[in-house]
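Guided by the hints, dock chain R onto chain X, whose structure is given.
Chain residues, written in single-letter form:
Number of protein chains: 2
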Amino acid sequence: MRLVVVGTGLMGGSFALAARARNLFEEILGVEPDPARGRRAVARGVVDGLVDTVPDDADAVLLAGPSHTVAGWVVRLADHPGVLFDLASVKEAVLDEVRALQGTLPGRFVPCHPITGSEKSGPDAADAALFQGSEVILTPGPETDPDSLARVAGWWQAVGARTLSMEPRCHDDILAVTSHLPHLLAFAYLQRVGDRHLAHAAGGFRDFTRIGAADADLWAPVFDLNRRALLTALDDLETDLAQLRGYIESGDQLGLKALIRAAAERRRRFSDDS
Amino acid sequence: MRLVVVGTGLMGGSFALAARARNLFEEILGVEPDPARGRRAVARGVVDGLVDTVPDDADAVLLAGPSHTVAGWVVRLADHPGVLFDLASVKEAVLDEVRALQGTLPGRFVPCHPITGSEKSGPDAADAALFQGSEVILTPGPETDPDSLARVAGWWQAVGARTLSMEPRCHDDILAVTSHLPHLLAFAYLQRVGDRHLAHAAGGFRDFTRIGAADADLWAPVFDLNRRALLTALDDLETDLAQLRGYIESGDQLGLKALIRAAAERRRRFSDDS
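In order, the protein sequence lines correspond to chains X and R. Under the working numbering, think of the first position of the first sequence as 1, with each following residue one higher. Under the working numbering, think of the first position of the second sequence as 1, with each following residue one higher.
Just chain X, same shape as in the assembly (with noise of 0.2 Å):
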């Protein structure tokens, strides 16, 4: 068995530290643009080498690059005969560009997203432990071999993920609102904030802003991917803070107090070791 991943980075170095760690494949390899990165990646035993494409013999693929990038390359494997999996964080646009250039999606393509990473990337920052205790949801077309997705459920699984299936518009409503959204208020938030400001900021700023590191290159792509479930939640958000600004303008404490009670009784409903 031998797995090859494409993009050796935080999410896909995750994966085969975890893989490798269950025995779940004899030989990982891996395939990186950056050469740079692909040293790490072999000098911290992500992976067992480097190969320029992916080898005909790969019995799985793990298309781990940024989201805008898995389309492309699942039409170029459209003939492979290994499993093809990948994690980007938006699901519909890239299923529509598959079939949109192949027609169909291909049988052995298993749509994936573990809902867990880090504002971190690279493949030093990848971690055996990313997915445990983590989601993993799975997209499948009709056109989605049931065999592929029976193994590739069982990886997730094998490495510590609960799984479970969504229609692909589901899943991009829901992660528009879970985490694109924060990620864009968190960027749109610190274009202001200034070392005046970071030499007195505690805990709640720290908290607040950590998604705000994260690296544009996969972000940009991903918002303009999930564009229309994205701005219908800013649209919403545009709403909410309108009447937030009402409220503080007029002075009305009743209307503050129950939209922010509003707000802590839906945050204490989530639990914190999620």
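Mixed in with the good hints, there may be bad ones.
As the list claims (entries may be wrong) - Below, simulated DSS-like cross-link-like pairs (lysine-lysine); rule was C-alpha separation at most 30 Å, straight line:
| # | chain 1 | residue 1 | chain 2 | residue 2 |
| --- | --- | --- | --- | --- |
| 1 | R | Lys120 | X | Lys257 |
| 2 | R | Lys120 | X | Lys120 |
| 3 | X | Lys120 | R | Lys257 |
To be verified - Quick partial rundown of chain X residues pointing at chain R, CB under 8 Å, derived from the structure:
| # | residue |
| --- | --- |
| 4 | Ser179 |
| 5 | Gln191 |
| 6 | Phe208 |
| 7 | Arg210 |
| 8 | Ala216 |
| 9 | Ala220 |
| 10 | Leu241 |
| 11 | Gln253 |
Worth flagging that the hints you see were computed from the coordinates, not collected in a lab. Cβ atoms here follow ideal geometry from the backbone N, Cα and C, with glycine treated the same way.
Using the frame of chain X, we list chain R on its own:
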């Protein structure tokens, strides 16, 4: 030496516990309008006992109630012989209110704001280590007695904090950006987060929204008291959000990446150990 803590919640209770651990006072009494909270404060050993009002022989009085209650207490205790200090996260409006009611700040009132906290509240959340390594901003007026200022600064240093002095308006401008606006954004953001989102949220969401669980009765008055600086910060945020939206709507990946890089660069200048 006797300390009276008016408000035995997270912040006042933490100072009481820290002061007790360093033997800064021989006795620590609490004034607590909420009977259940008062019982918990005594049961946890946060205070030695409760009193209905501040005794005349108290050497120090910590005004640890919500920000909007501080000015009233300062006026009520204007002729008290003890040193008064507070914890309010808004300074100018509090000092303006005291001066409006009293003509001047009492010389023995030392306005303080410790830059630390938690989304939790109440005496059970009090933590003797809360101020260890934190910063406390002092915003004395020209009326403030240097001896009182030095004593209060000494107490903060004794519980592990660094102290520095700042103009009240400068404090409020900085806190609007570092703390009040993030809380406002978290509260607005959480309005549309439902159970179907919470079920699929992970670490990024957890950290971004942690401050959203804060106490409405504390935060609504803060937004009101710091209205001027907070609305300016919100104006700026809305300008930056509009720019981000424009980049997404027009598919401007270069603009988007530049904005995200600027955010990430600022965030990486902040030490997570702060």
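Hints and how they fare:
| no. | hint | verdict |
| --- | --- | --- |
| 1 | Lys120(R) with Lys257(X) | 17 Å, holds |
| 2 | Lys120(R) with Lys120(X) | 28 Å, holds |
| 3 | Lys120(X) with Lys257(R) | 17 Å, holds |
| 4 | Ser179 | 6 Å, holds |
| 5 | Gln191 | 4 Å, holds |
| 6 | Phe208 | 4 Å, holds |
| 7 | Arg210 | 5 Å, holds |
| 8 | Ala216 | 4 Å, holds |
| 9 | Ala220 | 4 Å, holds |
| 10 | Leu241 | 5 Å, holds |
| 11 | Gln253 | 5 Å, holds |
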